[in-house]
Amino acid sequence: MTKSHIKVTINGKTVEALVEPRTLLIHFLREQQNLTGAHIGCDTGHCGACTVDMDEMSVKSCMTFAVQAHGASITTIEGVANADGTLSALQEGFRMMHGLQCGYCTPGMILRAHRLLQENPNPTEDEIRNGIAGNLCRCTGYVNIVKAIQYAAAKINGTPFQEAAE
Amino acid sequence: MIPGTFDYHRPTTVESAVALLLQLGEDARPLAGGHSLIPLMKTRLAAPEHLVDLGAIEGLHRVERIGDDVVIGAMTTQHSVINSSLLADLVPILRETALVIADPQIRYKGTIGGNCANGDPGNDMPALMQCLGASYTLTGTGGNRQVSARDFYLGAYETALAPGEILTEIRIPIPPTGHGYGYEKLKRKVGDYATAAAAVVITMAAGTCTSASIGLTNVSETPLWAAEAARILVGSTLDVATVDAAVAAAEAITTPASDMRGPAEYRTKMAGVMLRRALGRARVRATV
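Chains as they are written, first to last, in our numbering: chain A, 1 to 166; chain B, 1 to 288.
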């Protein structure tokens with residue numbers, strides 16, 4: 001078994017590394033790059049806590065080998081804040097709308113919502129719920145996560161955010 | 001969970017991938033989206049010594065119309081299938097089916113070729129390909145051969161693929177303009193395989209069904225092409241008695257396992273219900 005050389009851009013920074021082919025992307029990010037924001041939840045591809053953005057796709061990094069990321073551009077939760085260090089619209093939305101309780105699913109939720117809003121800047125509630133169907137949250141019941149994404153969409157689009165009546 | 005060790009290969013042409021697979025033999029597996037294989041490797045139910053990644057091969061990620069067919073490269077992802085305007089126009093049932101596969105993240109990586117080639121009876125595309133009369137291009141060291149989706153599946157995870165062969169493209173005859181279609185899938189939750197699912201394509205003329213094709217998912221060791229059920233529909237107005245007879249004919253060919261999705265009898269009945277619903281939607285969508 002030979003190690004493979006990979007070159008990956010992570011949060012705008014290009015890194016080169018030697019990895020065992022069997023190293024999963026989540027382990028590469030957490031253990032070799034010390035980027036512990038993406039979480040290992042179920043480790044079976046169901047929960048989405050390990051979701052990162054890779055070449056404009058939301059990817060479950062526990063189901064991807066690091067070698068498959070060779071040449072790719074990856075964004076993790078560590079790379080989503082604005083350049084001046086202030087919270088991105090999505091981060092702000094999760095904070096303002098109480099879109100997290102324990103926070104374990106949040107990095108995956110935010111990265112997934114990031115790609116969803118790139119592809120569909122003004123999603124309906126139904127589209128949001130289908131869009132985050134691969135991310136499990138055991139705290140919130142999703143209501144405030146949906147609101148957080150609606151808040152971010154409104155902020156990005158420059159439209160007023162009207163919280164739906166309960 | 002960490003997979004066993006393996007060597008990783010990343011060929012850039014189909015020829016070199018095929019040569020590698022043939023040379024490495026049974027210890028090698030091709031890697032497409034990986035969302036069936038990698039979970040098996042993590043639980044060590046699969047421990048290939050070599051992975052041949054098809055991700056860097058040019059030309060396997062494409063959708064095009066060639067004459068009366070659409071041709072889809074094997075590495076085209078479910079996400080790309082969903083977003084292809086060509087497919088939405090010509091074979092819209094592909095989008096409807098891809099949308100009920102797994103979850104968004106898995107659809108970004110999961111490929112139509114992997115879904116068809118793996119031979120997992122739970123996969124949704126194989127029964128649809130049988131319904132559509134699709135054929136697969138299998139590429140080996142001796143070149144290409146075409147195998148109909150209706151002849152490809154021999155058993156659970158057993159297919160017509162010979163050692164060293166790769167499924168490289170899917171050719172689908174474009175259904176007639178105005179055809180009706182429906183893919184109905186019963187699943188317990190997002191991301192689950194079907195308890196039962198049915199694919200239906202029909203054409204209607206002056207209120208009479210002029211052609212029909214039906215595929216059934218996950219109610220046998222292979223996808224099922226329900227030829228007799230479809231034959232019963234043709235020439236009818238899709239009246240209640242005829243649909244009942246077709247549903248009974250479809251249920252009769254199912255041999256599902258009893259598992260955590262329900263007992264076999266239930267899954268057979270659900271195949272009938274899915275067929276009824278898919279047919280209902282196909283009828284509404286068919287013009288004339």
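Hints are computed from structural coordinates only; laboratory data are not their basis.
Accuracy of the hints is not assured; some may be wrong.
[Stated by the list, open to error] Under the rule of at most 27 angstroms between Cα atoms (straight-line distance), these lysine-lysine pairs were calculated in the DSS-like manner:
#1 B/Lys-42 <-> A/Lys-3
#2 B/Lys-42 <-> B/Lys-269
#3 B/Lys-187 <-> B/Lys-269
#4 B/Lys-189 <-> B/Lys-42
#5 A/Lys-3 <-> A/Lys-13
#6 B/Lys-42 <-> A/Lys-7
Hint check results:
1. Distance hint between B/Lys-42 and A/Lys-3 is fulfilled; the C-alpha atoms sit about 19 angstroms from each other, no more than 27 angstroms.
2. The suggested pairing of B/Lys-42 with B/Lys-269 is violated, with an alpha-carbon distance near 35 angstroms, which exceeds 27 angstroms.
3. Using a Cα cut-off of 27 angstroms, the hinted pair B/Lys-187 and B/Lys-269 holds, with the two alpha carbons roughly 14 angstroms apart.
4. Of the supplied pair hints, the one linking B/Lys-189 and B/Lys-42 holds, its CA atoms being roughly 23 angstroms apart against a limit of 27 angstroms.
5. Using a Cα cut-off of 27 angstroms, the hinted pair A/Lys-3 and A/Lys-13 holds, with the two alpha carbons roughly 22 angstroms apart.
6. With a CA separation close to 24 angstroms, the supplied pair B/Lys-42 and A/Lys-7 stays within the 27 angstroms bound.
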